[in-house]
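Asker: Assemble chain B with the ligands onto chain A, guided by the hints.
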Amino acid sequence: MLLEIDDVSLLYGRIQALHGISLTVGEGEIVALIGANGAGKSTTMRAISGIRPIASGAIRFEGEDISKLRADLRVRRGLCQAPEGRGIFPGMTVLENLDMGAYTRRDRAGIAQDLNRVLELFPRLAERRKQAGGTLSGGEQQMLAVGRALMSRPKLLLLDEPSMGLAPMLIQQIFSIITEINEQGTTILLVEQNAQQALARAHRAYVLETGRIVKSGTGAELLHDPSVKEAYLGVA
Amino acid sequence: MTTTVNPPTPEQQQGIGTRLRHGREAIAQRWHDAPRWVRWAALVALIAFFYALPNKEFYQYLGPIPTTGSNFTQVLFTVSIYVLLAVGLNIVVGFAGLLDLGYFGFFAVGAYTVAVLTSPSSNLKTLWPWLLVVPIAIALTMVSGVMLGTPTLRLRGDYLALVTLGFAEMIRIAAVSSDFLKGQRGFNQIPHPPGKYADGKPFFGVLDARPYYWLVLTLIILVVIGVRNLTHSRVGRAWISIREDEDAAQLMGVPTFKFKLWAFASGAAIAGLAGALFAGKQNFVNSQNFELLNSIIILAAVILGGSGNIVGAIVGGGLVAYMIERFRGIELFGVELYEYRFLFFGLVLVVMMIFRPQGLIPNRRRAAEFKDRRKEVIVGE
Ligand SMILES: Nc1ncnc2c1ncn2[C@@H]1O[C@H](COP(=O)(O)OP(=O)(O)O)[C@@H](O)[C@H]1O
Ligand SMILES: [Mg+2]
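The listed protein sequences correspond, in order, to chains A and B.
full-length UniProt numbering puts the first sequence at residues 1 to 236.
full-length UniProt numbering puts the second sequence at residues 1 to 381.
This is chain A alone, in the form it adopts within the complex (with noise of 0.2 angstroms):
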């Protein structure tokens, strides 16, 4: 397994948010985790990439446990993350912002070459790359968020809601986008709340409620699963 989550539990001052979690992303995979509002998506998010301390539970990567290791050598080993929100450096261009992405590694070669590749994946961010991020578009900022994680060349992505507040056709776009970039190589935890896309491009999938993960399936098994249509289809 790539990435092993061992019973985690996590706290913000006094309110538990996570309640012993456990789930595993293999290597190649794309693994949803969905759930509602408030479900504690974003924390697990926190706490695989180390910006928020685990109360208990382990955090194994690539076999080895990271769950004290500082965030940004959890970068250098391998993790990226695209935070909920964007999140992107909004005095930045948008070069400086993907350069931002690639500031663990020093490989100038390889990094030329993955910026022709973010460049290539999305061309709006090509057309605007000397425009300084913050008069971004959301769906631009969204597209960035993602490109710029991908600058750490990681062995596994983490994308946090990133079809948030976008159009449809955007929406499509940016799912189509994350299947090519796990095609190409990386493994994917995706979070997200738009559930029927998420399922229908995820290889597994897990179903978070109030900090519990309450179920979990391949993608299709939950996109079938009448209790997760309820919930998070929309469909009775």
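Worth double-checking, as some hints may not be accurate.
[Stated by the list, open to error] Quick list of in silico lysine to any residue cross-link-like pairs, SDA-like style, CA-CA up to 20 angstroms:
1) B:K201 / B:W214
2) A:K68 / B:P255
3) B:K258 / A:L73
4) B:K56 / B:A161
5) B:K196 / B:D179
6) A:K130 / B:A28
7) B:K125 / B:K196
8) A:K130 / B:H32
9) A:K229 / A:R201
10) B:K258 / A:P53
11) A:K229 / A:T210
12) B:K258 / A:R76
13) B:K125 / B:D179
14) A:K155 / A:L2
15) A:K130 / B:H232
16) A:K215 / A:D7
17) B:K196 / B:V206
18) A:K130 / B:E25
19) A:K68 / B:H232
20) B:K258 / B:T150
21) B:K258 / B:A161
22) B:K258 / A:R105
23) A:K68 / B:T150
24) A:K68 / B:K258
In case anyone wonders, no lab produced these hints; they're calculated from the structure.
Answerer: Just chain B with the ligands now, kept in the frame of chain A:
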């Protein structure tokens, strides 16, 4: 990756502020478009102007610029110290985005280190020469910066503001009340920097403030070159990323704590240097030199100038310190304008916060960051 100029974005609203901004952008644009040699020539001329400034033969032609209430050369020295402090605080506040409310505390540490180790009034009686103590003063301020920063910079939020405020106040109280730091009585006969004219008279004397001003001016130039190089390096990129979005910086693999500590400690070191220069000029240091308000003045200067921009910090620091001194000896309704100085800066800051939160000479990024934040506020409503 090098920074490039953005094409000016079309502005919907048209107010005085907007037109002013366009004016400034036009000037900035012209500056950028000017040939390299023109820019160099302008810079050299500007620097030459500031070196010439303290000479009476020169400044007597400058109309109302020389101060009336106090010796202009002395004022220039004070202003230069404030500029150095503003450049240092700009690293902390402007580049790394850390709110340091007690910056003057580091200045005090620098000045007192020199006083304690060089003055015959000191209990230590080491009587070391000034030049030997300067690196010690810088090192000690840096260490105090690290000690202060290590526990607080791990935390988010306003802890740093509170702790730095407390630190400056602690230093002040120690200065006022401890026997070791001599309170009001202070330290006298602090030695001057070394150096002699050809005829054997000391270069750095008691009466003439010009050599001290020239020394500080030279150090400002060196520090600015250093800071500029730093901001164009990986370190600078890390600082900017932390300021713009600390979580995102961490997610990109920036060791945020380490870089915040670096910014904080380098800023402190510059304040320590300024303190050591001040002590070397003053000959006398006592507790009255370190009022809390000084920290606020420097912060105001950085914000006024446009935090995150070195030129802005220089202009802000120079302008604020100069205005304070300019107010001396000018009477309004029978009261010296100097007495109103804090009221005046309070007003200026409030007006700036409303109309131009990014400062007089903002950094291009900063302007975008402010726009971004404004958007966030609207979305959050
Ligand atoms: N910084 C925080 N401090 C306190 N509580 C938080 C914080 N962030 C999230 N929470 C709480 O933790 C729970 C999970 O939030 P989150 O992980 O953001 O949910 P999701 O991403 O699934 O919408 C929510 O109840 C939320 O209110
Ligand atoms: Mg979320």
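Asker: Does each hint fit the structure? Answer for all of them.
Answerer: Status of the hints after comparison with the structure:
no.: 1; hint: B:K201 / B:W214; result: holds (17 angstroms)
no.: 2; hint: A:K68 / B:P255; result: holds (15 angstroms)
no.: 3; hint: B:K258 / A:L73; result: holds (13 angstroms)
no.: 4; hint: B:K56 / B:A161; result: violated (42 angstroms)
no.: 5; hint: B:K196 / B:D179; result: violated (35 angstroms)
no.: 6; hint: A:K130 / B:A28; result: holds (18 angstroms)
no.: 7; hint: B:K125 / B:K196; result: violated (25 angstroms)
no.: 8; hint: A:K130 / B:H32; result: holds (16 angstroms)
no.: 9; hint: A:K229 / A:R201; result: holds (16 angstroms)
no.: 10; hint: B:K258 / A:P53; result: holds (18 angstroms)
no.: 11; hint: A:K229 / A:T210; result: holds (18 angstroms)
no.: 12; hint: B:K258 / A:R76; result: holds (16 angstroms)
no.: 13; hint: B:K125 / B:D179; result: holds (14 angstroms)
no.: 14; hint: A:K155 / A:L2; result: holds (8 angstroms)
no.: 15; hint: A:K130 / B:H232; result: holds (17 angstroms)
no.: 16; hint: A:K215 / A:D7; result: holds (15 angstroms)
no.: 17; hint: B:K196 / B:V206; result: holds (13 angstroms)
no.: 18; hint: A:K130 / B:E25; result: holds (17 angstroms)
no.: 19; hint: A:K68 / B:H232; result: violated (32 angstroms)
no.: 20; hint: B:K258 / B:T150; result: holds (9 angstroms)
no.: 21; hint: B:K258 / B:A161; result: holds (18 angstroms)
no.: 22; hint: B:K258 / A:R105; result: holds (18 angstroms)
no.: 23; hint: A:K68 / B:T150; result: holds (19 angstroms)
no.: 24; hint: A:K68 / B:K258; result: holds (17 angstroms)
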